[in-house]
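> Sequence:
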Amino acid sequence: MTELPPQYNPQAVEEPRYQWWEAQGLFQADVDAKRTPYTIVIPPPNVTGILHMGHALNNTIQDILIRYRRMQRLNALWIPGTDHAGIATQNVVEKSLAKEGKKRQDLGREAFIQRVWQWREQYGNTILYQLRRLGSSCDWRRTRFTMDEGLSEAVLEVFIKLYNEGLIYRGHYIINWCPRCQTALADEEAPRQTTMGKLYHIRYPLDLGQGAGAKGRGKAGTRAPRPTPHAPDFIEVATTRPETMLGDTAIAVHPKDKRYKHLIGKQAILPIVGRKLPIIADEVVDREFGTGAVKVTPAHDPADFQLGKKHKLEFINVMTDDAHMTNVPPAYQGLDRLDCRSKLIIDLEKEGVLGAIDEHQHNVGHCYRCNTAVEPRLSPQWFVKMKPLAEPAIKAVKSGTIEFIPSRWTKVYLNWMENIQDWCISRQIWWGHRLPVWYCDNCSQGQGAGAKGRGKAGTRAPRPTPHAPDSGVIVSKTPPTTCPSCGGTDLRQDPDVLDTWFSSWLWPFSTLGWPEKTKDLAYFYPTNTLVTAQEIIFFWVARMIMAGYFCMKKPPFSKVYIHGTVRDITGKKMSKSLGNIIDPLEIIKEHGTDALRYTLVTATAIGQDVFLSEERFKAGQFFANKLWNATRYALSYEASGKPGELNLADRWILSRLQGAITETTKALDAFDFNAAASTLYAFLWHDVCDWYVELTKHVEASQRPAARQTLLVVLETSMRLLHPVMPFVTEELWQHLKENTAGISVMKASWPTADKKLVDSAAEKTMERLQAIIGAVRNTRATLNLPPNSRPRLSVVVPHAKDRGFFQEHGTFLQRLAGVGDVDVRPSRNGITGAAKLVVDGTELFLSYEGLIDVAKERGRVEQKIAELDQHIARQGAQLKNPQFTDRAPADVVQQLRDSLAKLQEERAKLAEHLTVLRAG
RNA sequence: GGGCGAUUAGCUCAGUUGGUUAGAGCGCUUCCUUGACAUGGAAGAGGUCAGAGGUUCGAGUCCUCUAUCGCCCACCA
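For any residue, its number in the numbering used here is found by taking its place in the first sequence, counting from 1, and adding 232.
By construction, these hints were calculated from the structure, which means they are not laboratory data. One or more of the hints may lead you astray.
[Said to hold, decoys possible] Straight-line C-alpha distance at most 20 Å; calculated DMTMM-like pairs for lysine to aspartate or glutamate: (1) K874 to E932; (2) K490 to E515; (3) K709 to D380; (4) K709 to D722; (5) K1113 to E1138; (6) K490 to D518; (7) K327 to E353; (8) K785 to D815; (9) K786 to D815; (10) K617 to D380; (11) K430 to D568; (12) K1089 to D1124; (13) K1135 to D1086; (14) K850 to D815; (15) K493 to E515; (16) K630 to E591; (17) K709 to E389; (18) K498 to D514; (19) K327 to D338; (20) K997 to D1124; (21) K1113 to D1131.
[Stated by the list, open to error] Per label pair, the in silico range of CB-to-CB distance: (22) G873 to T1118: 29 to 35 Å; (23) K575 to P534: 51 to 57 Å; (24) P638 to H918: 28 to 34 Å; (25) N1021 to T1118: 50 to 56 Å.
Backbone N, C-alpha and C fix where the C-beta goes; we use that ideal spot for every residue, glycine too.
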């Protein structure tokens, strides 16, 4: 065994160790019928991503599980990979193009996609290399990318399968449209942000039958609106987006609203445009909000869309893909939506139809990629019908086939699943899996179907519901050459690509080879555990479950562990925009990977959010160093001869070790990583280092070989227990602690199991007593300011002869660890003078040191102690006198309390006696 | 507007099915270069467990309400 330097240097150890593990193929798992598989699904990180604390926590947990199960001899597989992150990646590449002064349209689709692949060759694996730095023991041979051939095949397969079962349809629908990215966004991709906006009140003149304002919108404007409450000739509505009024096709009021009841069925005139709008009644209108009358813009608002469908209104799309106005009067045609808004306000004012403008707080969806305010917009898109897919996924969770940990997420999941909306899967970008859909121009003539109609589609009635396959729409895995209905050859592929989640929802089985029937798939699927953050329960977890049942008829995993969100010390989510990021790679550089992992894991209870400050990582670093030095001590511990019998300390620490094994195992099984790490920390730092190591310094030569052996066994076993949490330092030390490892890794060592034969409760009790005595003596020494080098005599009063052996046997420990001189065991306290008295578990001890016991100080100490005891005695005494307690509480609890009270009273009596002696003196 | 979580020492957090005197780490005070470790050791101070009610022999733990903070969901234009 080689010498270890006095300090642990993680930087020198980690990278080489990782490479060594990998070179030995230790992360790899292959089909092996003799072994039970244990499989974990990694959330594929975004290919454009860089490692953040969330990844670090997520991967640490997964790696702990994998290493733990691997040591338990399961065939542990962890498949890594990345998803192609359609919008994000396209944005990144477009940005770099922009630096060259080019747009993606300048390159054309083919060349642009080439460009994205180039980018991904160069940078796409960055995050995977960063995951290695965390120590993640993934089977890197199996690294997958959602745009890989195999996974793309899976995407096509499932699209066609869904289509053939009538679960994919094309429809016009209000979707979230990001005008900057120019694509549809799922609701989850457009989180709402509270925004201060303005609520504009606009007065729409009423069309009072014949004459009046019917055709004369110009005239309507020249009249100042009369504020008379009796018979206003306008109806006032409120809106946050005035520009959408150009697409209004109705006004809605509540059917029971007295203010407007008489107007229902009449018409109003849309200012500026002059269109007649029916005034309709619907209960969704909130009478309390605004004026109680609402303008209805079915093509630009989800609620209005529903109204439009229900009341068969016209759908007028007034915006282009990039949010410029269209289908509007010439003065506004082509204006940007916000410019149009400003101009409208001025024009409405001129016409005298603009009412109040209020400050208004509302929630507006923002693009999760570029943070642009999304525009609800009518557009032809492809959808997956979710209800049928959700059914088995709901059942699986309700029946417990799939379990959420912590269980509270079950409710969240079920609530969402039971109200699930159809999934818009088409995206108007170039990077991604292109829809396997072709249009035959010949057949589709007159239908206006297809992508080229987008944007102008609004003038037609929408088809928001599933419908029979369009004629002229060909869904095919391979490019068709002729149209099956008309034989035409003029076919165009749909330009859209699929939502990235449409490939990642297949991840648990597509990565194992599906749709091929591979051996891997048969062996490793279903996987065991999914570890993820709450943020993507809907995005990903729910969809994986649905895909699992749809494609495999089996759940993708049985346990879903939801860990907390990583937050900074003030409770905010860590994010780039807030500038409160702690970079895991910086922490690794500074404190080491083990420290990062240890701290992340101890920073959180099951499923609670994680609050971090940089300070905390020191604890992990210090722990690694402590282990390092304990091992150094053990290795340099000199002993000659064969190990003889184990002494008390040896038996004690071995017994404690069994407890640590049991507790750690239990905690890991329960996903309680915090408890596992804390147990090992307390055991190693306090039991092993603070006590056992100290005790080994004071044993006789004859006992040293046994002590040395015990030290090595305890540390070696501890390294195995701690390995899943702190893989690097444990590997390094284990190599020194274990003999004949011959290049074997601790990763291949077995997970410790508790040995009942080594559980020694007598030794634990005895040690507890010694620790209590030593603690009491140290306490007294400190209180009385005895100099450190003083060696007071310790007199122990032991009336019963059979008890004396204890002190005779362990006197040395007391002398060394408590810093006392002679240990004098005597039957009575006669003849002891000038001493401080302590009572430990009913045993009287006296600490005497000529001339240095300060009587006044000692008296104060004893008085305080007695006062404390009195409190407890009073409380416990009252409880014991209560017949209800003695009758109803379990017998052992009552007995425990009795013993405790007796002990307290005995202590108190002895201290009181001592006090009278002190007072007399 | 619904749903969920949090509130325990100066700070960050544990606290298993209710059961002796509520714990840890950091920070703070005092002392200590003792055969690994000063990234260390010993001792100590510091808590009416957010507040109010209730259930119970017994509540940090269970129930109700209140307050504060945070998260998720929802078509208030």
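> Could you run down the list of hints and mark each one as holding or not?
Cross-check of the supplied hints:
Note on K874 and E932: the hinted pairing holds, with a Cα-Cα distance of about 14 Å set against a maximum of 20 Å. Distance hint between K490 and E515 is fulfilled; the C-alpha atoms sit about 13 Å from each other, no more than 20 Å. Distance hint between K709 and D380 is fulfilled; the C-alpha atoms sit about 16 Å from each other, no more than 20 Å. A C-alpha spacing of about 18 Å is found between K709 and D722, which places the hinted pair at or below 20 Å, so the restraint holds.
Taken as a hint, the K1113 and E1138 pair is honoured in the structure, with Cα atoms around 18 Å apart against an allowance of 20 Å. Between K490 and D518 the CA atoms are separated by roughly 13 Å; this keeps the pair inside 20 Å, and the hint holds. With a C-alpha separation of about 17 Å, the suggested pair K327 and E353 falls inside the 20 Å cut-off, and the hint holds. Straight-line distance between C-alpha atoms of K785 and D815 comes to about 41 Å, which puts the hinted pair past the 20 Å bound.
For the suggested pair K786 and D815, the alpha carbons sit about 39 Å apart, so the restraint of at most 20 Å is broken. Of the supplied pair hints, the one linking K617 and D380 is violated, its CA atoms being roughly 26 Å apart against a limit of 20 Å. A distance of roughly 18 Å separates the Cα atoms of K430 and D568; the hinted pair therefore holds under the 20 Å criterion. Between K1089 and D1124 the CA atoms are separated by roughly 40 Å; this puts the pair beyond 20 Å, and the hint is violated.
Using a Cα cut-off of 20 Å, the hinted pair K1135 and D1086 is violated, with the two alpha carbons roughly 28 Å apart. Taking the CA atoms of K850 and D815, the gap is near 15 Å; set against the 20 Å cutoff, the hint holds. In summary, the hint linking K493 to E515 is supported, as the alpha carbons are separated by about 13 Å, within the 20 Å threshold. Our distance criterion of 20 Å between C-alpha atoms is broken by K630 and E591, whose separation comes to about 46 Å.
Taking the CA atoms of K709 and E389, the gap is near 7 Å; set against the 20 Å cutoff, the hint holds. Between K498 and D514, the direct Cα distance comes to roughly 14 Å. Compliance with the 20 Å bound is thereby established for this hinted pair. Taken as a hint, the K327 and D338 pair is honoured in the structure, with Cα atoms around 14 Å apart against an allowance of 20 Å. Restraint check for K997 and D1124: the C-alpha separation of about 19 Å stays at or below 20 Å, so the hint holds.
A distance of roughly 14 Å separates the Cα atoms of K1113 and D1131; the hinted pair therefore holds under the 20 Å criterion. Evaluation of the 29 to 35 Å hint for G873 and T1118 yields a failure: the beta carbon distance comes to about 57 Å. A hinted range of 51 to 57 Å for the beta carbons of K575 and P534 is inconsistent with their spacing of about 26 Å. For the pair P638 and H918, the supplied restraint of 28 to 34 Å holds, since their beta-carbon distance comes to about 29 Å.
Against the hinted window of 50 to 56 Å, the Cβ-Cβ separation of N1021 and T1118 comes to about 52 Å, which satisfies the hint.
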